[in-house]
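> Each chain is listed here by its residues.
Protein chains: 2
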Amino acid sequence: MSAKKIVIIGGVAAGPKAAARARRLDPDAEITIIERGRLISYAGCGMPYYLSGEVHKFDSLFETTYGVIRNEEYFWREKGCRVLTRTEAQKIDRDKKEVHVENLESGEKYVIPYDKLVLATGAEPFAPPIEGLNLKGVYKLNHPDDAQKIKERLDAEEGGEAVIIGAGLIGLETADALMKLHMFCSVVELQNQILPGMLDEDMAEILAKKLTDQGIEFYLGHKVLKLEGDEDGNVTAVVTDKGPIDAELVVVAVGVRPNVKLAREAGLAIGETGAIAVNEYLQTSDPDIYALGDCVETTHLVSGKKVYIPMATTANRQGRVVGDNVTGGNTVFRGVLGTSVLHTAGFNIGRTGLGEKQARDLGYKVVTALYHGFDRTHYHPDHGMVLMKLITEEGTGRVLGAQALGQGDTVKRIDVVATAITLGATVNQLAEVDLGYAPPFSTPIDVTAHAANIVRNKVAGLAETITPRELKEKMDRGDDMVILDVRTEPQFNMRRLKDDRVQLVVLGDLRERINDVPRDKEIVVICAMGTRSYEALRILKGAGFKNVKYMEGGLQAWPYEL
Amino acid sequence: MSAKKIVIIGGVAAGPKAAARARRLDPDAEITIIERGRLISYAGCGMPYYLSGEVHKFDSLFETTYGVIRNEEYFWREKGCRVLTRTEAQKIDRDKKEVHVENLESGEKYVIPYDKLVLATGAEPFAPPIEGLNLKGVYKLNHPDDAQKIKERLDAEEGGEAVIIGAGLIGLETADALMKLHMFCSVVELQNQILPGMLDEDMAEILAKKLTDQGIEFYLGHKVLKLEGDEDGNVTAVVTDKGPIDAELVVVAVGVRPNVKLAREAGLAIGETGAIAVNEYLQTSDPDIYALGDCVETTHLVSGKKVYIPMATTANRQGRVVGDNVTGGNTVFRGVLGTSVLHTAGFNIGRTGLGEKQARDLGYKVVTALYHGFDRTHYHPDHGMVLMKLITEEGTGRVLGAQALGQGDTVKRIDVVATAITLGATVNQLAEVDLGYAPPFSTPIDVTAHAANIVRNKVAGLAETITPRELKEKMDRGDDMVILDVRTEPQFNMRRLKDDRVQLVVLGDLRERINDVPRDKEIVVICAMGTRSYEALRILKGAGFKNVKYMEGGLQAWPYEL
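As given, the protein sequences belong to chains A and B, one line each in that order.
Every number in this note's numbering is 962 more than the matching position in the first sequence, counting from 1.
Every number in this note's numbering is 962 more than the matching position in the second sequence, counting from 1.
These are computed hints drawn from the structure, not numbers from a lab.
Do not take every clue at face value.
Because identical chains share one entry, a pair is satisfied inside a single copy or across any pair of copies.
Unchecked claim - Mimicking BS3-like on lysine-lysine, the simulated pairs with C-alpha atoms at most 27 Å apart in a straight line are: (1) Lys1204 to Lys1268; (2) Lys1327 to Lys1420; (3) Lys1508 to Lys1327; (4) Lys1508 to Lys966; (5) Lys967 to Lys1503; (6) Lys967 to Lys1508; (7) Lys966 to Lys1098; (8) Lys1267 to Lys1503; (9) Lys1319 to Lys1503; (10) Lys966 to Lys1503; (11) Lys1420 to Lys966.
Okay, chain A solo, but in the shape it has when bound (with noise of 0.2 Å):
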């Protein structure tokens, strides 16, 4: 038996992962690798912290961690696979199985036969149809050399107004890494939202306002209409349907399209999200040829519906499967939970599974918590706020998702979140987990604890809520109610609630004041972060008050003028 040719075409993460593992499998196949780009292997995530300088060398996001670059040769040398760089496929022929490639260098056109094929094309940055995306100092961040320009650019002009297009995760990242080389970043976005594709919109509205506090200047629902510059071809404006934003240097970050031209002109299936359709073997519509990362779609564990969602871990977790398949093997990859996590601005955020919004608009019923708190006990130096927001079932009590922000380390919950999803968790036991405790690490009922046990209150009837939003629409109605404030008073004089309906009764003085509390009205507890006035609601509760709610999150979470 002659040896098993295996083409992978793409060179940058699942298909040099594909590749490894095939060739761990298979001591004898011939691998090829075909890259239409110069550089391979790189760490596209890592292309925002070369931006900011915190990774130092652009080798850097070549090298493995003992110190060798992952290029032609050390995938030639180490892995036993041989890659073609600046190397186009232009065409499969799926009956004769073979790829036609051009060597974008020399011109040279040939074909490379296959027994199995791989398609790890990728996924491009869309470009908005606007004018002014050719002027000088307007970029995207998509592959290592978009990341090259920025710095060229900014090492020879001092910062100044950069305009981010796009407030999703790549926009972000990129906003912290401008923030820190001191230039001042504003961000336009067409949703109402930031993250629109990452967190519900309540926790995208607290988020906003905390990025706000650090310098971050959003445009929400602003609609570009073009870049416009000056008499030298510099950018000097984005133009929005509301008005220009000054900018000279403008990152366009508007999300990626998977490349499927390749695989549709093959004939072979695309999905309902525009993606390569895939089986659970990483099987495309023809049975050898096999396709990954971020030119597929993949299936929501939670909804079991087709999503498409490029992420870096489904890349890689998707290699291993291929690797096992093209030689032989018989792997099954079951989907993703969507999980995303990014830091921006002092801030971590994730989310993991179903949003709130995306868990009803699929017809769940949901219960969901939003917790406050500290990600270590108050007294460590180290600790910082994680505001945590858990979506629940309702009746079935099963986790659905999570989504965390803060300055404290909300990444960690999301990772247990996650797991418990995949696991089928309830939130019974997600606040059962025996979790690690130590004062630098975490609290003793740690956040995702919280969360559920907030979960559990209500569902048992102890504890009725209301969200910062629910409560700012019901202040703006006008609406008859006490909006009692427990803090202290120090708290309450720094910074509180301007409203004729705030009362201030401290909780150590609710029990004795307690009838300076109006009995005939709707009552909404607030404090900081929402442990007090839980506690206040189950004493006003206690004492026979009806129309008692809390403010889950507490002032903390309040993401409007105060």
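Guided by the hints, dock chain B onto chain A, whose structure is given.
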């Protein structure tokens, strides 16, 4: 109906938590907390951090997150619970349902009637039966007063040589605190390893090496015979069966024992572990008496066995359960995983579930993996190393436990594994969790997935491995073999095994130099962390070599001389 009388003995952690929950559920109950000491509701786990100065204010250990001191007045005003400090519960009269107490200040004795009684009597540090415990300069660290006393001593006199008796969690946290105060720390331990209740011997050995490099001196397998002092009654030495160790300050930290005297005298059942026996509702053998926290035994969720593992997390979770049940609820406490974590000398250490030895002793057949890698992308400046040992059941693939150590974020991974074990995850499921990834937080394939993949590779017959300890034994035995080091030349020249059987073939050269490796000998491949040696093993296997293993964890996990 008159108000229910709930009496709680013990005011440190579990008792107040149960009281607060009970209050929220039953506004009318009379809730009384009896505490022998002067201080209540304190953060016992914070003491090492107060000692080190990381926590500046003593009061921080008693404060709520909003700055109110948790004293008698706080419990009365905010929680509606009466707290009697300096009041000792001396006898339980179960027939009359009364607790006999004495006010330790006034000497007054009286009885307190109860409908439901809760025992939260905690634990006491074990005092070894040796001379010299009363010498000046000898301390324990169990109560905030102990921390105060050590601090007063250190404020009065400059550091010097501290000896800690006991290499358990508290012992190592204390060593960390004292080292931050520039003391020279020795730790004496009766067992042949550090953290004997927490880590397997192999992991403990690796950690001990790393902590020794940080300056902690360990005396393992040393039995303390007595403490010696000078004519002024100041401690001068810890005398062991292998000789004396100079000491200017001694901290005794040889573990705690549950306070069960009151329960035992009341005729309540004591469990096989020596702690109070309770059912899943945390009821003692008297259905009107509940017990929780550091005085009770609980169930290990993996083994199903009764265990005594006092932890603040357990106390808090149990507080919620007891609060429910004394007010008519029916809530179950299922048990624990024995999760514990600590920080010392720059290292983060954790374990959850069963250890390897523990699992084998219980009759499990296990497959383990040792993974060594980074907690974040290696190009991100904040990355740190993590060494994780994963313990799984052969055949079922069920995850049984994990242990981790390193300067990186080990605890996040322990939490993920704890969540997975709670929900009965298999190693495949653990490998496939869609965890959050961005360069400041993790790597595209996280530590837990890497460790799970090693188990999967071993089970699939792709990787035969050897541990550092096993290789050392083979070397010492004089086994005929080739120790094939596949690192780069600079790495090899800097630090390597000094042994004639070592042969250097850089991984990238292995394919072309394959004939330099003897085919008739046993080959043990080594590298820095284990990644390259696995790759080399696959190359050798692919070339027909039969007897090849690689060393898990790599030389970074080598605890012996180099």
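> Now tell me, hint by hint, if it's right for this structure.
Hints versus structure:
no.: 1; hint: Lys1204 to Lys1268; result: neither (36 Å within a copy, 67 Å between copies)
no.: 2; hint: Lys1327 to Lys1420; result: within (14 Å within a copy, 43 Å between copies)
no.: 3; hint: Lys1508 to Lys1327; result: within (25 Å within a copy, 58 Å between copies)
no.: 4; hint: Lys1508 to Lys966; result: between (74 Å within a copy, 23 Å between copies)
no.: 5; hint: Lys967 to Lys1503; result: between (72 Å within a copy, 20 Å between copies)
no.: 6; hint: Lys967 to Lys1508; result: between (74 Å within a copy, 26 Å between copies)
no.: 7; hint: Lys966 to Lys1098; result: neither (48 Å within a copy, 77 Å between copies)
no.: 8; hint: Lys1267 to Lys1503; result: neither (43 Å within a copy, 41 Å between copies)
no.: 9; hint: Lys1319 to Lys1503; result: neither (31 Å within a copy, 52 Å between copies)
no.: 10; hint: Lys966 to Lys1503; result: between (73 Å within a copy, 18 Å between copies)
no.: 11; hint: Lys1420 to Lys966; result: between (59 Å within a copy, 25 Å between copies)
The structure fails to meet hints 1, 7, 8, 9 from the earlier list, while all remaining hints are met.
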